[in-house]
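Colleague: Residues per chain are reported as follows:
2 protein chains.
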Amino acid sequence: MNVQRRRRRNARARRSRTPALEQGPWRAIENTFPPVAFYSADQIEAIHDSSLSILESLGIEVLDDRARDLFAAAGADVDRDTGTVRPDRALMMEYVAKAPSRFRLTPSNHARAIEIGGRDLVFGLVAGPPNVSDAERGRRPAAMEDYRDLIRLAQFFNIIHLIGNQAVAPLDLPAETRHLDTYFANLTLSDLCFHISAIGPARATDGIAMMALARGESLEALAERPGVVAPISVNSPRRFDGEMARGLIATAELGQAVLVTPFTLMGAMTAVTLPTALAQQNAEALFGVVLTQLVRPGTPVIYGAFTSNVDMRTGAPAFGTPENAKANIASGQLARRYGLPYRTSNANSSNTVDAQAAYETQTALWAAVLGGANVIYHAAGWLEGGLTASFEKLVLDVEMLQQMAEMMQPPQVDATTLALDAIANVPTGGHFFGEPHTMERYETAFYHPILSDWSNYETWEKAGAQSATDRATGIWKQALAEYSPPELPADRSEALEAYVARRKEEIEATGL
Amino acid sequence: MNVQRRRRRNARARRSRTPALEQGPWRAIENTFPPVAFYSADQIEAIHDSSLSILESLGIEVLDDRARDLFAAAGADVDRDTGTVRPDRALMMEYVAKAPSRFRLTPSNHARAIEIGGRDLVFGLVAGPPNVSDAERGRRPAAMEDYRDLIRLAQFFNIIHLIGNQAVAPLDLPAETRHLDTYFANLTLSDLCFHISAIGPARATDGIAMMALARGESLEALAERPGVVAPISVNSPRRFDGEMARGLIATAELGQAVLVTPFTLMGAMTAVTLPTALAQQNAEALFGVVLTQLVRPGTPVIYGAFTSNVDMRTGAPAFGTPENAKANIASGQLARRYGLPYRTSNANSSNTVDAQAAYETQTALWAAVLGGANVIYHAAGWLEGGLTASFEKLVLDVEMLQQMAEMMQPPQVDATTLALDAIANVPTGGHFFGEPHTMERYETAFYHPILSDWSNYETWEKAGAQSATDRATGIWKQALAEYSPPELPADRSEALEAYVARRKEEIEATGL
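Keeping their order, the protein sequence lines are chains A and B. Quick note on our numbering: the first sequence kicks off at 18 and runs consecutively. Quick note on our numbering: the second sequence kicks off at 18 and runs consecutively.
Treat identical chains as interchangeable: a pair holds within one or across any two.
With a cut-off of at most 25 Å between alpha-carbon atoms, the simulated DMTMM-like pairs for lysine to aspartate or glutamate come out as follows:
{"hint": "1", "residue 1": "Lys-521", "residue 2": "Glu-162"}
{"hint": "2", "residue 1": "Lys-479", "residue 2": "Asp-328"}
{"hint": "3", "residue 1": "Lys-479", "residue 2": "Glu-153"}
{"hint": "4", "residue 1": "Lys-521", "residue 2": "Asp-508"}
{"hint": "5", "residue 1": "Lys-521", "residue 2": "Glu-270"}
{"hint": "6", "residue 1": "Lys-521", "residue 2": "Glu-234"}
{"hint": "7", "residue 1": "Lys-115", "residue 2": "Asp-82"}
Keep in mind that the hints were calculated from the coordinates and are not lab data.
Based on the provided sequences and hints, a complete structural model is requested.
Modeller: Dropping the structure here:
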């Protein structure tokens, strides 16, 4: 038997043991749950008003001249000694109104473009952890090969629509150039939109230029149809970092999308009550939104919220808590108040992939959905308050996200689904297993989980008594085995390689 | 040192090692989340209409003469050969309208009365499993001492408002008399309302008589202010069991509350699509509701829903699924269509207290809340699709229920919570830890979990790297250690003992 034939036979045998992972198609998700009003309209106005008072009376410290000049030119009070910018409410509202309520991001594969705004909902991969963990290799500092695996999983699982800013930090690569390696992985191992790094204009511009190369288009064409988004943090309370400001400006100038997210932990970066945290979050987020519109009116920009509480006994951040859920819902009310797309997260604080990780994630997820979130960032793989990306948690999250999407399918009520004939066919106390109505539909009638085990106790015990977390290990391994890279024309992939090589040389030589 | 003093010192030492479990007070919960419309008003009308067609054209098989007579006397078509009762829609709507939209259940401790209906939400203890499990003693057939411990935990945890019909089946006691032992445990180890067993009139009457003794009141007084509820199942599809019918009639005659719950697993007891399952559930539930009103107009009655799907590969029931969630939301629309209080469950199918148990429970719980449930049955302790009551799962559920209740606290927005002064006091990029506004509130500002661990990874690892499920074991043991029984006057407790002794003799002698 030749090698190829043997391989084919082995593959068949493997298939017969483990059926391919079953999942729905990659598709846009419309959030069919009506947004919940956690606060009354009057209460939202009070928070809005307070946030504008913060900007007018206290202002934001801005560590970048150009950003200060832009605000000054628009009429804001700028204190050159302290770097404090105090825009009045008329200025704020005038420029917030210039931001679009909805926009589209287009990656190299146009079929995977995403709409951001309205009732559209997209799920993003975890972003940022310095550590990675899985049941086989344990918890460890993240490396580039872990990064690549996480991108492969995001590409494989159709419920993930968007890649965040560095799924993990690949600590085995030099900090100055690793953004090039991660962009390259995003563009060759997946065909999804992604977040660029906006710590400084060079990193942002590299991401934009590489998306243009992957799409085979000019920067002008990319400005017409944006393909990436730059996440901008705020050093809460009330400080706008210089590198972040310059990253934001570079991104907006090139017509790409911006996401402004204050990280406002109640009791630490804000005062301890929710209304004050939301007012401060709102002031900081809107300040960033206005900066994008000062650079280039019409820049697509997302209102980001990341308000939760700390454990007041230890100061440790906590996520997926009742306070975090309230903030997820109420921040959506604020974003809609301004007609801005809304981003939040389904974060959790657990140190392991256990019941706490699941219930905290579900709390945050349901609240994000009821808050009308358009982007749920860190939707798959986040663990330990964001310090670890977990392969098992990613599978757990995929299951929860798939189920959430299934609950949003529009319901159909008609003669076929009401099935009076089927009811008439089954005697009282009987069962519907063999009914034609059942037989015609049983394979597709219900959602099929990838992770949940519904077998009875004895069957489950005989099969090894595995917890959901145990099973998740087999699932991500199978997903990586079944993964295949997207198609990218050779000339584009070569252009990307050349870009990365040239920029690495430049950065090594000049530091820029 | 005398024994008492030594005990006190030991207690103090124990306290210093492990602080007492912290929880909020026992209180009524108002559901502040607006109910979600999964189906449009037209779709709900179509399901309603289909359910009345089922009753008119196919009917319900009723295995009890008296129940059939009651329907016949009201004008329903009754086929005496087959036992089929076919009430028309006018009859159904006339009698459904007689049921109250809201009522109160009063236990021996009047401070623990519960309101059922409107926006009130009560959480019930798991009910019915033949098995029990915990991490120390494993999974085993349930015994009376397990039953008592579960009642103690329901009494201890203030988030539990209501005891279901037998937290577990105490298999070490004779089936004919064990209801007496469980009622006695409910009434002496707790002071909560509970579900009686309504398999036959004698079991129902025993529960009602014993609640009257515990309240020190007559049966007439109990009829004025009901104290117990009888859960009535339907043998879906479309069969009303004789013992259940007689239990329902006895309960309604004595003015106590009834809960009618068809157990409608899509693909097994109903056809495979959700609208047909809901139409059948609706027909069966309303049929039971009407029977209560035929017996005694104004009988308090709850619309129960238990619609989920089976795993079509194995036929095993599945809970906490997307289909179950949709049913939890839509059933609330139906119950409100008739102005009836609504009961559903936060069930799950996991075989162990893992991430699946948590995410399925959360899915069902959020959907129940968004469905406007008034009673969430099996809210604490349910595992394995209802075949096991788990001590660790009970703690996990208490945590999730407490958090849900916390999210329903009415929000306050005012100058104090907006805290503009506190923001002004903290420099840009600073922190709020030491601020007077923080210091005055830090102990009470946020929800305190009983189970969640928010410590950082290193601290968590040093403390033993316990999962939430591991920690839950310590918590239920501590709760049992801290538990103290409610006060019941000695004469009432003696009257209860005498009642149980007399009835056991009667049942042994006569079987009734």
